[in-house]
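Novice: Those letters in the sequence shown? Residues 43 to 236, by the numbering used here.
FYI, nobody ran anything at the bench for these hints, they're computed from the structure.
Each hint should be verified, as a subset may be incorrect.
Lysine-lysine pairs mimicking DSS-like chemistry, simulated, CA-CA at most 25 angstroms apart [what the hints assert, rightly or not]:
#, residue 1, residue 2
1, Lys-141, Lys-116
2, Lys-157, Lys-216
3, Lys-202, Lys-141
4, Lys-202, Lys-139
All values derive from a computational prediction rather than experimental measurement.
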Amino acid sequence: ANGACDLGQGPAAPEPQQVPGVMSAIRVTISYHLRTNKCANMAFMTTYPPRIIGRMIGRSVSTLQRWDREGILKARRTPTDRRYYTHDDYLAVIGQKPKERTVVTYTRVSSAGQKSDLASQRAAVEQFCVASGRSVAERFEDVGSGLNYRRRNFLQLMEKVEQGLVAEIVIAHKDRLVRFGFEWFEKFAQDHGC
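Let the hints inform the model, and build the full structure from the sequences given.
Specialist: Structure below.
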């Protein structure tokens, strides 16, 4: 109900084929639930409840709870004190290194006549990064309207965010990223580990 995703309800998922690796089994379960419309947003999920992470690593929920208490695998908590795990937690358990996430900057002006503003905006963002100890790996710049969501570097940045490669985006002001709907893009970035 009310948009919650519960993989435990509805018809039982077919038994996944014996394919090497835990992720193949969870993909089968996710795709089954997507086909049956049990959870449309599951494919973009970057956090997992204990039940799902338990299935992924072959452990029970009670084992995960005990590991949390003993500090073996610390769970994160929601504001309502529910346990959850991130994909990085999963990778740590199976012994894989998570993707290295980087700090990037994004600057934008509306027209070519504002190139000097772009230079001062870039300098201000760089100065902030140096002062706060952030090591910038990549810089994205666009000249175009904040209402245009097809700006070349903006799209490249969003692709990197979606791939989970960006830890933080440093901008001079939120309207430099997008003119309207910043909250949606902020949520999108947070959902992808940024």
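Novice: Now, for every hint given, state plainly whether the structure supports it.
Specialist: Now for the hints, and whether the structure bears them out:
Restraint check for Lys-141 and Lys-116: the C-alpha separation of about 20 angstroms stays at or below 25 angstroms, so the hint holds. Note on Lys-157 and Lys-216: the hinted pairing holds, with a Cα-Cα distance of about 19 angstroms set against a maximum of 25 angstroms. Taking the CA atoms of Lys-202 and Lys-141, the gap is about 11 angstroms. The hint holds against a cut of 25 angstroms. A threshold of 25 angstroms between alpha carbons decides the hint, and for Lys-202 with Lys-139 the separation of about 18 angstroms falls inside it, so the pair holds.
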